[in-house]
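J.: Read off the chains here:
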Amino acid sequence: MLVVLAISIGPFLWQLSTSLKGPAENIYPSPPSFVPHDPTLANYAEVARIIPVWDYALNSLKVAAANVLTNCVGASLAGYALARLRFRGRTAAGLVFVAALLVPLESIIIAQFTTMRDLGLNNTLVAVVLPGSVGALNVLLMRNAFRALPYEVEEAAVVDGANVWQRFRRIALPSVKGTLAVVAIFAFMGAWDDFLWPLIVLSDPDHFTLTVGLNFLHGTFADKPRVVAAGTVIAVAPLIVMFACLQRYFFRGVGEGAVKG
Amino acid sequence: MSVRTHRAASPWLFLLPGLAVVAAFVLYPFLSTVQHAFTDARTLTPGVWVGLRNFQEMLHDPQFWTALRNSLLYVVVVVPCTVLLPLLVALLVEKPLKGVVFFRAAFYTPVVASVVVVALIWVWMLDDRGLLNSMLEMVGAGPVSFLGDAGLVLLCAMALTVWKGLGYYMIIYLAALAQVPRELHEAAAVDGAGPVRRFVTVTVPAVRSTMVLVGALSSVAAFKVFSEVYLLAGPTGGPAGEDSTLVMLVQRSGTGLSGRVGYASALSLVIFCIALLLMLLVLRADRKEKTE
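These protein sequences, in sequence, are chains A and B.
Numbering that gives the first Met the number 0 applies: residue 0 is where the first sequence begins, and numbers increase by one.
Numbering that gives the first Met the number 0 applies: residue 0 is where the second sequence begins, and numbers increase by one.
Hints in this document: simulated from the structure, not taken from any laboratory.
Hints may contain errors.
[Said to hold, decoys possible] Straight-line alpha carbon distances no greater than 20 Å define the calculated SDA-like cross-link-like pairs of lysine to any residue that follow: (1) B:Lys-97 to A:Val-3; (2) B:Lys-97 to A:Val-2; (3) B:Lys-97 to A:Ala-243.
Based on the provided sequences and hints, a complete structural model is requested.
T.: The structure is reproduced here in structure tokens:
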């Protein structure tokens, strides 16, 4: 277990230690040493001087927050309709989402790019958010979650005269919080970590997200490993902190979904 | 709006955001990919119908064959590892011991981190003077130029993919393992089966359908690999594009001001078909086993 632990988080710790090592310290010691002798935060200041890393982080944050919001709203609305409402065309609508799931995003990325250009949105953060704003997988996850709820409660609400919207908001939605949390976490991680799509759609450095900006840093300043290390720590730390805080909820939610699925 | 029409319309109002996004950014681009694949469109010019010419060109394009070989190689190496290793890790953290929660979360860390960050860290570890080489030196082995050799870079990218996916697939296995009845293990233990035997006779059959699912997911994912290779081998895929994968080829040929949208779309279509084929093959193999 400790071996797996070392393999899975060792590289991150090493990066953290490198980012804290001062310029005088040998970063290629043999044997490798993890504890910096002369800890310093100068590398973080340096990374911010070379690239607007905080702006990039803000861009990433905007994109990720928007993605969480649109996915939670869009997927729960659509999932609810698919699971609980009866109407003509329901099967067809469900199939649309399944079909969308089968299309690998990588294989339509050029067409997405031209679609964005036709809409005049290229090189904007909106373009980064839109394609993933309601993930088909999230819709299906929410559908499964809603489906597992007992009908009786909603029937009682119908008798009381509650309309669709009220039933959705007051009864169904509060019961699927676990799955909603999973959707939110996945949406955040997906947006924060995405690389290929922002790389393609963004050309103006002002709009770079953190991943694209870091790649730039890596390409240009590969000879300053301490600085690159500091950049990676900035990119990964918020996610690890967020995940550490939410992980109980996350693992429970994933378990729920799997059992119901 | 009368109550009746409101009722009939409301499901569609609920579906509207989802359907609109999926239609505009998945289905429409897919259809236009299919259409573009038969034209000579470029980034700024619409292009005319050229029939199968893009596909014919592909057959004579050495870059295409290299990329196809690399992508398939990726599947062949990565998939068996992602089917087995995460299962073993899941078995390690399955038992409700104290502190196991910490290990689960720790093993999940690489999944949380962006692939760019992870790749940067790996580049740094695999560097000629990096962590791995200084460890090798300690045991007296000479420095290995992990990132200087086309074959080794690809191998490193594969290791990176397996490593990054470990936690993700571990979760899927954990959910499946939770449903294996404890009695089965106890019965096997009473019959004198050791841990290895119990793994083969009890655990594997019980989670077999999950293994197929993981196999299908990871084979499609491995086939579409982009970021890992792009970041380790560089945008051009190493010297002479030797480490290029299919998605890298799409990105390289289809973007930029003179991007060949038509040719890139044809490549995309090939990716789509092979990905679908891989998925069907895995699912088919599963069905066959079930009926036997």
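J.: Taking the hints in turn, state whether each one holds.
T.: How the hints compare with the structure:
For the hint linking B:Lys-97 to A:Val-3, the alpha-carbon distance of about 17 Å falls within 20 Å, and the restraint holds. Note on B:Lys-97 and A:Val-2: the hinted pairing holds, with a Cα-Cα distance of about 18 Å set against a maximum of 20 Å. Restraint check: the Cα-Cα separation between B:Lys-97 and A:Ala-243 comes to about 17 Å, which is no more than 20 Å; the hinted pair holds.
Of the numbered hints stated above, none is contradicted by the structure.
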